[in-house]
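In order, the protein sequence lines correspond to chains Y and L.
Per this note's numbering: the first sequence ends with 886, consecutive numbering throughout.
Per this note's numbering: the second sequence ends with 114, consecutive numbering throughout.
Simulated from the structure, these hints should not be mistaken for lab results.
Careful, some of the hints might be misleading.
Unchecked claim - Far from chain Y, some chain L residues (derived; all Cβ distances over 10 Å):
1. T14
2. M16
3. I21
4. N29
5. V44
6. E57
7. Q65
8. R70
9. D87
10. K102
11. Q110
Stated by the list, open to error - Computed cross-link-like contacts, DSSO-like style, restricted to lysine-lysine with a CA-CA straight-line distance of at most 27 Å:
12. Y/K852 / L/K102
13. L/K43 / Y/K847
14. L/K43 / L/K79
Said to hold, decoys possible - Some, not all, of what chain Y presents toward chain L, calculated at C-beta under 10 Å:
15. V778
16. Y807
17. Q813
18. L858
19. A867
20. G871
21. G877
22. A878
Glycine included, each C-beta is placed from N, C-alpha and C at the ideal position.
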Amino acid sequence: AQTVTQSQPEMSVQEAETVTLSCTYDTSESDYYLFWYKQPPSRQMILVIRQEAYKQQNATENRFSVNFQKAAKSFSLKISDSQLGDAAMYFCAYRSGNKLVFGAGTILRVKS
Amino acid sequence: EPEVTQTPSHQVTQMGQEVILRCVPISNHLYFYWYRQILGQKVEFLVSFYNNEISEKSEIFDDQFSVERPDGSNFTLKIRSTKLEDSAMYFCASLEGYYEKLFFGSGTQLSVL
Chain Y
775 AQTVTQSQPE
785 MSVQEAETVT
795 LSCTYDTSES
805 DYYLFWYKQP
815 PSRQMILVIR
825 QEAYKQQNAT
835 ENRFSVNFQK
845 AAKSFSLKIS
855 DSQLGDAAMY
865 FCAYRSGNKL
875 VFGAGTILRV
885 KS
Chain L
2 EPEVTQTPSH
12 QVTQMGQEVI
22 LRCVPISNHL
32 YFYWYRQILG
42 QKVEFLVSFY
52 NNEISEKSEI
62 FDDQFSVERP
72 DGSNFTLKIR
82 STKLEDSAMY
92 FCASLEGYYE
102 KLFFGSGTQL
112 SVL
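One chain only, chain Y, in its complex shape (with noise of 0.2 Å):
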């Protein structure tokens, strides 16, 4: 079975810095997706950035970057310039067929 770990319970970021969140993965399959999800204290699920595995090129969406590393199964998230709205909890998902596969998430504070 596929699992998604993120090691990190909670992290902190000094607003305008940069902070990586990590996530590492097991599959037995080639070809995938992969996802960051954020979470505010609303608890509504958002899509961050999105990743397909068969492609070399890391994902970028505007201060969101990831780094895809297929051979280590890993899929680290950068937020750069972080802002006080970037303070979330942050789920890493693992597409597996058609269903999407969750971290238990790292809670992102951000100070002023």
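Given the structure of chain Y, go ahead and fit chain L onto it with the hints provided.
Same frame as chain Y, but now just chain L:
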């Protein structure tokens, strides 16, 4: 951007009662899902639904749970006899096609007393 709509936003029920959680997926989407999140824990897959039938379900989705799409727009999750441990946020999600992104609704917080 299109939205997945869930109602109600909060539901309080007594243990042993039946509840129905409602979702309106995005209109041209083909795959539908229910997930749940117990407070402070990760989001867990319950069930996926495609072509008017369950395509996959987790071990959490036992005989107390059922899903249906009665009228081609609503997608419901029924819990027949609620237990205290069913208290959680329940998310509906939908997908247009296999390679597309998953859209989540804003969730229904179920509290079983």
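Hints, verified against the model:
| no. | hint | in the structure |
| --- | --- | --- |
| 1 | T14 | holds (19 Å) |
| 2 | M16 | holds (23 Å) |
| 3 | I21 | holds (21 Å) |
| 4 | N29 | holds (16 Å) |
| 5 | V44 | violated (4 Å) |
| 6 | E57 | violated (6 Å) |
| 7 | Q65 | holds (20 Å) |
| 8 | R70 | holds (16 Å) |
| 9 | D87 | holds (17 Å) |
| 10 | K102 | violated (6 Å) |
| 11 | Q110 | violated (8 Å) |
| 12 | Y/K852 / L/K102 | holds (20 Å) |
| 13 | L/K43 / Y/K847 | holds (20 Å) |
| 14 | L/K43 / L/K79 | holds (22 Å) |
| 15 | V778 | holds (9 Å) |
| 16 | Y807 | holds (8 Å) |
| 17 | Q813 | holds (8 Å) |
| 18 | L858 | violated (22 Å) |
| 19 | A867 | holds (8 Å) |
| 20 | G871 | holds (7 Å) |
| 21 | G877 | holds (6 Å) |
| 22 | A878 | holds (5 Å) |
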